[in-house]
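Number of protein chains: 2
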Amino acid sequence: MKFSQLAVKTNKNAKSYESKNATLLIKAGFIDQVMAGVYTFLPLGTRVLFNIERIVREEMDEIGTEIFMPAIVPKELWETTGRLHTVDVLMKTVGANDASLKKNDAEYVLNSTHEEVVTPLGKKFNRSYKDLPFAFYQIQTKFRNEPRAKSGILRCREFRMKDMYSFHVSEEDLKLYYEKAKIVYAKVFERLGLGKDTLIVLASGGDFTPDYSHEFQTRLDTGEDTVFYSKKLNIAYNKEIAPSKTPETTTDETVLPKKDVQGVGLIGVEKLAKFLDIPVEKTTKTMLYKTDNGRLIAAAVRGDYKINEYKLLKIVKANSIELADHETVRKITGAEIGYAGILNLPESVELIMDDSTRGRINFETGANRTDYHTINVNFDRDIKTPSKFYDIKIAKPGDLEPQTQEPYEVFAASEVGNIFPLNTKFSKAFDYTVTDEKGKLKPVYMGCYGIGTSRLMGVIAEKFADDKGLVWPEAVAPYMLHLISLGETTKRAAEIYDAVIQSGISILWDDRDETAGTKFTDYDLIGIPYRLVVSPKTEESIEIKKRTEEKTSLITLEELIARFST
Amino acid sequence: MKFSQLAVKTNKNAKSYESKNATLLIKAGFIDQVMAGVYTFLPLGTRVLFNIERIVREEMDEIGTEIFMPAIVPKELWETTGRLHTVDVLMKTVGANDASLKKNDAEYVLNSTHEEVVTPLGKKFNRSYKDLPFAFYQIQTKFRNEPRAKSGILRCREFRMKDMYSFHVSEEDLKLYYEKAKIVYAKVFERLGLGKDTLIVLASGGDFTPDYSHEFQTRLDTGEDTVFYSKKLNIAYNKEIAPSKTPETTTDETVLPKKDVQGVGLIGVEKLAKFLDIPVEKTTKTMLYKTDNGRLIAAAVRGDYKINEYKLLKIVKANSIELADHETVRKITGAEIGYAGILNLPESVELIMDDSTRGRINFETGANRTDYHTINVNFDRDIKTPSKFYDIKIAKPGDLEPQTQEPYEVFAASEVGNIFPLNTKFSKAFDYTVTDEKGKLKPVYMGCYGIGTSRLMGVIAEKFADDKGLVWPEAVAPYMLHLISLGETTKRAAEIYDAVIQSGISILWDDRDETAGTKFTDYDLIGIPYRLVVSPKTEESIEIKKRTEEKTSLITLEELIARFST
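If you read the sequences in order, they're chains Z and W.
Counted from 1, the first sequence has number 421 at position 421 by our numbering; the numbering is strictly sequential.
Counted from 1, the second sequence has number 301 at position 301 by our numbering; the numbering is strictly sequential.
Calculated directly from the structure, the hints in this document are not laboratory data.
Computed from a prediction, not measured in an experiment: that's the story for all the values here.
We put the CB at the ideal spot given by N, CA and C, even for glycine.
Quick list of in silico lysine-lysine cross-link-like pairs, DSS-like style, CA-CA up to 25 Å:
# : chain 1 : residue 1 : chain 2 : residue 2
1 : Z       : 124       : W       : 20
2 : Z       : 130       : W       : 27
3 : Z       : 546       : Z       : 12
To spell it out: a stretch of chain Z is covered by chain W in this simulated footprint if at least three of its residues, at any positions, have a beta carbon under 8 Å from a beta carbon of chain W; those stretches are:
# : segment
4 : 60-68
5 : 86-94
Only chain Z is shown next, with the shape it has when bound in the complex (with noise of 0.2 Å):
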């Protein structure tokens, strides 16, 4: 490809974007912002997008075969599962004007994922054991309703994902295949060159299976994601889920008398320890929630943490869980909301502490009294040390895995690809059961597995990007050679281009009529692998250069050609 047949300008001066991708990615002319969360992709941004798509699909078609779902389907299918009104990112199409309305006045919905097309398609045509397993997939654009949509093209209201949903006989099988699939997504991230820094991560697995579901998270300052990893276990969770203990402290402090200190309208625990004039960590943060099943929870952690209402939902064994409202709070702890503590609650309510908690003298609690904070509480003195302390908290830096009671390893990541154990969840709703050898109806077992392949595009981009501009790893730059032509070269030049092109190497020839300094300024902003010159000087020779290297040197059209061809 010439530079000028791209029809776009780098503009190394754009403004900067809340995102690291789009800054990078607009000032190099890879993608173009139509609103927020929604791109065009440009000539250069289209390569890179197609090589990653196309990665993913040879690899995928080790497990899966590929077909192609609409985007807009009927209402009812998302009704079947419910989810037309709980999924809170769902759109849906009408007739943009009144001709258009008075042609067709029908709703559609507009897929966010495709578990709700693809269950009735497998049903369709795999009713017996023996068409089981097999797979779907797809590569395909998705929406969502994203409110704010400022991470560049990692959260898009419209963005490209390959999706791809198994179906089994039972729970054993659709094992055996996740397990393959994660093989499958590692060798993906491997040939993206993202191998070496992304990890399998557990995550939570929704409301479709009390086990885990997998996320793939690629080490990333800029990451969005907290990953806390165990070495010595080879384990990582998401910061969502992670299990941890709190390091245990000593303390030879004296214990003092317990007290009830007056302090209004202090909205925070920073604010409260400073206000008491005590540290953070003497501070406990206790939330009332209600269970679906008619329970009263009150939760305590250190107030330095964050309740993790995902173990909570865990440990108190009910369906579900909501924070207790106003009301609620008043009757309980005769307080407003902000004032609830674990002193003198009802024996209706179950306290349910936190490891963090544990092993502290003199600390506050909220007294259960509007304005009021009790400090100086001690356990046994003023309250029983609870038979069982819990984790119920979102795990911090400096957290302890609890099984080997060594620090975890906590970095920043992006997520690259996540797969799921849907089980039943599926199937039970369009009743899509096969019959086994004896004829006997069977559930159908399904798992998801997604990879955002725009959303990697902005991975890549951060991940290997520089202060000059964008690295993009050979498998999915636009072009692996970018040459410059400097001088009375073009004839030459002209040569070299036809050649490599000739030999099936791609390479895009920035043939402007710039200066040398523009030319080097836009080849490091976009990042293709070589960089390629023939001036006057270079005579007979192309001087090659790698984006990642400083150092220069002399190659003739023919060793080029050798070194690039497949």
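Assemble chain W onto chain Z, guided by the hints.
Relative to the frame of chain Z, chain W by itself:
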């Protein structure tokens, strides 16, 4: 691919649809209907679709640069051109439920075409004459709010399309490029196997240009368009715009006295002719129109023709015309709608008569009197012969091409592509100008170039199918070879299958435990170019047969690979 992995079944007894392509493609397991006008492409269908898109992409790369624009865009873009309120197939998106609306209650347009996106994009990067010409194309999913979608994948609510847009400094440059695009389009259809049966057909330029647009029409008995082809001129017209002359007839009839005949509630010329006991050719259809500049037009064609408003508009030299309302008709004719005629019209009405009304003796016309028709009307006795007869009819088979005076060849066809000179319609709306050599601002001329890739799959399916099923041209076939293994030949078949794949040749292996009959029937239904059979009888050889021939022959594995390796 092994048949068992397709996870899809053929069903030769599936119900028939209104459209031939839907019937064929559903029976053979290429597509699945999710709702009217919305389909899933199943494994075989996905491969055909992507083969078509690969060919289209390769050819478009010769004259354009690929990008990928979003499906959802801000409504403001469509407000800018005013089309938000006029495109009657346009859809928009809204949150699908309360939770989604609460997160984001914005509405976005779901593009049915991309002029509103590509014009501001072109403008953003290309502001000098030096940057032009350029052309962007994409292969993407589009949406149309079709009321009834009964044409299978020929006219869908969601469909795949290649759309290209070119930008030029002058109309001349646009025309040069436009001719290049025609050649590239012809190449695409040639490669798809449609070359010899695909013509460039002149069609209306819409409100973009006084010139024609161009459709690529493939001869197809089941096609929904009618093409009028003049062999002598080598010009083809869409029926909607074909210039036409009615063959002259001579008659030695005696002129009869003019007479008004009462005929109540005679709807349609057939009924009228029967009632009056005259040939339909003796009836006259007179319609009253108003132009946008306030003129009144009476347009008359022979009863067996329809008035062509496209032609009429060009003749009356107005921006738009519309049928006169009831009130106006009553005022002009003194009668209810349905009885307008050419006699005794007020001077305020311009009478435009089609050449089909010429040369008749004793013809009929509405009496301009409710429930009455005048018969035995004759030129010069009852009304002056017009100084000029016009062509304001929709052409019919048998009509003459006016210049050559020779009958058209008329055939059914299906549109597989169209190209449009947009001229300055969109660049003006977006105020897109470029500076010329002297720094002066010049308007940008645009063209657009569409190929419906999913539609093409439907046309190809209908075009080549025989009574046994689909017949795919090699270039788009899902696989080149279809291997059927009969009896105890699994090991031999696996050996062939692996060797063929190893050689980069695409193959479908029917590895199912089914009868020979079922496998052969399915082969014909699916329509892969070559059938291979291994059975205990074929020993070391392979039986090979073309889908379109009856003759089988034996071939060795080595010969097979040599023959199909590229």
